[in-house]
Amino acid sequence: MDQQLLLEIIIFVLAAVIGFELISRVPSLLHTPLMSATNAIHGIILVGALLVLGASESLLTTVLGMIAVIFATINVVGGFVVTNRMLEMFKREPQKKRRVRRVRRRV
Amino acid sequence: MHTFMTLSYMFAALLFILGVRRLRSPETARSGNSLAAIGMAIALGVTLLDQRIVSYWEILVGVAIGSVIGYVSAVRVPMTAMPQMVAAFNGVGGGAVAFIALAEFYQIHIGQVAGDRADVFFILAGILIGSVSFAGSAIAYVKLEELFLAGSVTFPYQKVANAGLLGAAVLLGINALAGGPLPLLSVWLVFLIALTLGVLLVIPIGGADMPIVISLLNAFTGLAAAMSGFLLSNEVLIIAGALVGASGTILTRLMSSSLGRPLNKIIFAGVGASPPAAAKKEEDEKPVNSVTPEDVAAVLNYDADSVIIVPGYGLAVAQAQTLAAELVEVLERKGKVVRFAIHPVAGRMPGHMNVLLAEADVPYDKLLDLEEINADFPETDAVIVVGANDVVNPAAKDPNLDSPISGMPVLDVESARRVIFIKRSLSPGFAGVDNPLFYQEKTMMLFADARQGLQDVIAALKESG
Chain A
422 MDQQLLLEII
432 IFVLAAVIGF
442 ELISRVPSLL
452 HTPLMSATNA
462 IHGIILVGAL
472 LVLGASESLL
482 TTVLGMIAVI
492 FATINVVGGF
502 VVTNRMLEMF
512 KREPQKKRRV
522 RRVRRRV
Chain B
1193 MHTFMTLSYM
1203 FAALLFILGV
1213 RRLRSPETAR
1223 SGNSLAAIGM
1233 AIALGVTLLD
1243 QRIVSYWEIL
1253 VGVAIGSVIG
1263 YVSAVRVPMT
1273 AMPQMVAAFN
1283 GVGGGAVAFI
1293 ALAEFYQIHI
1303 GQVAGDRADV
1313 FFILAGILIG
1323 SVSFAGSAIA
1333 YVKLEELFLA
1343 GSVTFPYQKV
1353 ANAGLLGAAV
1363 LLGINALAGG
1373 PLPLLSVWLV
1383 FLIALTLGVL
1393 LVIPIGGADM
1403 PIVISLLNAF
1413 TGLAAAMSGF
1423 LLSNEVLIIA
1433 GALVGASGTI
1443 LTRLMSSSLG
1453 RPLNKIIFAG
1463 VGASPPAAAK
1473 KEEDEKPVNS
1483 VTPEDVAAVL
1493 NYDADSVIIV
1503 PGYGLAVAQA
1513 QTLAAELVEV
1523 LERKGKVVRF
1533 AIHPVAGRMP
1543 GHMNVLLAEA
1553 DVPYDKLLDL
1563 EEINADFPET
1573 DAVIVVGAND
1583 VVNPAAKDPN
1593 LDSPISGMPV
1603 LDVESARRVI
1613 FIKRSLSPGF
1623 AGVDNPLFYQ
1633 EKTMMLFADA
1643 RQGLQDVIAA
1653 LKESG
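If you're matching them up, the sequences are chains A and B in order.
With our numbering applied, the first sequence covers 422 to 528.
With our numbering applied, the second sequence covers 1193 to 1657.
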């Protein structure tokens, strides 16, 4: 086995261990956003799609690469935007409370 | 240049890890998502510097099309349809992996790119996992949108067919690896078989288990991305793919245990659909206590000091969150204690209902989850179940009944003094299981859609002072 592949396998295993360790105890409230965010992260496949399309020299690979780039971009852009929309819902709460308190003080 | 790129990739990977870490708590979750997005931008920007890339125009066109589709659908999708949106985004990611692998194999085949056995192996793995994820997510999307294939779709010898298809894909793969005849055709056949396999694996799974399936397919796509990383010798692809593959697997296990549904039962059982059909007939003839909004108001006025509201998907679909908040206000003015009981999968996914109610500005401290509130039901005078069914179905606790929701923890609504359902009909919920609670003496059924029902009850309450 060549050196490069061996190193890559080591990287893979270490990253997988980090992934396992990261998600140990997460409140169920955050399961959906967390799934959505990791979903956006695997949009990293766009890196691969760019390399294929950018270096393409035949019609078939251009077509395949183009589909891959479009798909992967949807994954990345849609994934992060949708996750942000979900998480925005949690954020609105403290602002609202503050507003209410301010009104009360005025009264 | 190469050193700069590798270091940038490492930095991007670091941001992914930190981002996921911050997503574990509600306070930091949003910044976690942003960190991951910044990491993504860095990784993509650096990739464009790669000297192998020559045609920038095509990239610009592809990225523009993808961005518009992704952004518009993400912004437009209603919060209630979030789960299927995630499924769709996951599916296209898996599809991208498969198309990249197909393109790379063609390059190697015509001799444009050098490739060894290991490369072909990663191509095949990417095609197999990516295509299963692509087709499986598409089916999950269709099921959650309730377009067709509702419930559990099974056919005879399903497991045999799945095993046969997988075996054929492996044989064709070995043929391509060993340099046998027709390698290009073999690889394309593996692609088609994997797509079929993705469809067949997901169609027998009932709607209630779909969130867990999406989470599992999410992990699949991560793993498939890592395969492309090996193929293209790209570190950031390997790290991010492995990260998502591993964290997705753990998340799937967390979800399935919070639903009390063992993973192997979901994937291999092809949940039994036959018993409810037979049992349903006799249930239909049982009498139910159908009531008017005025009856509900009378009970709430004179016979209930403590009230718990159980919101379900029906409430979210009818956009009745604000009305639920108004009902709380009206009842509190009358001196009642009112709280919400949120089941972990109220809505369609873990945490989905919290998101929906937060959108309607329902006070956060009134939302109690299953563990917090289940012990309080026996001391509760009235429970109002709005557009929910499966999450309060006592049939889930019946060990003799093998149903798609068996073993799922449910809200113990049954032990409250009175139960009021606001529901459009007696039809079973998303999981397709009849609810014995409908036919109990203490249960009142107000047949209306969540919005209309709540409006009428609120009006009746106001009228009676």
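A few of these clues could be false.
[What the hints assert, rightly or not] Restraint ranges, calculated between C-beta atoms of paired labels, are given here:
{"no.": "1", "chain 1": "A", "residue 1": "I431", "chain 2": "B", "residue 2": "V1352", "range": "12 to 22 Å"}
{"no.": "2", "chain 1": "A", "residue 1": "I431", "chain 2": "B", "residue 2": "Q1511", "range": "50 to 60 Å"}
{"no.": "3", "chain 1": "A", "residue 1": "S445", "chain 2": "B", "residue 2": "A1342", "range": "48 to 58 Å"}
{"no.": "4", "chain 1": "A", "residue 1": "I430", "chain 2": "B", "residue 2": "F1347", "range": "18 to 28 Å"}
{"no.": "5", "chain 1": "B", "residue 1": "R1616", "chain 2": "A", "residue 2": "L480", "range": "48 to 58 Å"}
{"no.": "6", "chain 1": "B", "residue 1": "W1380", "chain 2": "A", "residue 2": "I430", "range": "53 to 63 Å"}
[Unchecked claim] To give an idea of the interface, some chain A residues facing chain B are shown, with a C-beta separation under 8 Å as derived from the structure:
{"no.": "7", "residue": "Q424"}
{"no.": "8", "residue": "L427"}
{"no.": "9", "residue": "E429"}
{"no.": "10", "residue": "A436"}
{"no.": "11", "residue": "A437"}
{"no.": "12", "residue": "P454"}
{"no.": "13", "residue": "M456"}
{"no.": "14", "residue": "A458"}
{"no.": "15", "residue": "I465"}
{"no.": "16", "residue": "S477"}
{"no.": "17", "residue": "L480"}
{"no.": "18", "residue": "T482"}
{"no.": "19", "residue": "T483"}
{"no.": "20", "residue": "N496"}
{"no.": "21", "residue": "M507"}
Hints in this document: simulated from the structure, not taken from any laboratory.
In this text, a Cβ means the ideal position worked out from N, Cα and C, and glycines have one as well.
Verification of the supplied hints:
1. A:I431 - B:V1352: 12 to 22 Å: 39 Å, violated
2. A:I431 - B:Q1511: 50 to 60 Å: Holds - the Cβ-Cβ distance for A:I431 and B:Q1511, about 51 Å, lies within 50 to 60 Å.
3. A:S445 - B:A1342: 48 to 58 Å: At 36 Å between Cβs, range violated.
4. A:I430 - B:F1347: 18 to 28 Å: Given about 40 Å between the Cβ atoms, the range is violated.
5. B:R1616 - A:L480: 48 to 58 Å: At roughly 53 Å between Cβ atoms, A:L480 and B:R1616 fall inside 48 to 58 Å, so the hint holds.
6. B:W1380 - A:I430: 53 to 63 Å: 28 Å, violated
7. Q424: Check failed: Cβ of A:Q424 comes no nearer than 12 Å to chain B, outside 8 Å.
8. L427: At about 11 Å, which exceeds the 8 Å cut-off, the nearest Cβ of chain B leaves the hint on A:L427 violated.
9. E429: 6 Å, holds
10. A436: 4 Å, holds
11. A437: 4 Å, holds
12. P454: It holds, given that the least Cβ distance between A:P454 and chain B is near 6 Å, below 8 Å.
13. M456: Holds, about 5 Å.
14. A458: With Cβ-Cβ at 5 Å, under 8 Å, it holds.
15. I465: Since the shortest Cβ distance to chain B is 4 Å, the answer is holds.
16. S477: 7 Å, holds
17. L480: With a minimum Cβ separation of about 11 Å from chain B (threshold 8 Å), the hint on A:L480 is violated.
18. T482: At 4 Å from the nearest chain B Cβ, A:T482 passes the 8 Å test, so the hint holds.
19. T483: 7 Å, holds
20. N496: OK, holds: A:N496 within 8 Å of chain B, min 4 Å.
21. M507: Constraint on A:M507 satisfied, holds at 6 Å.
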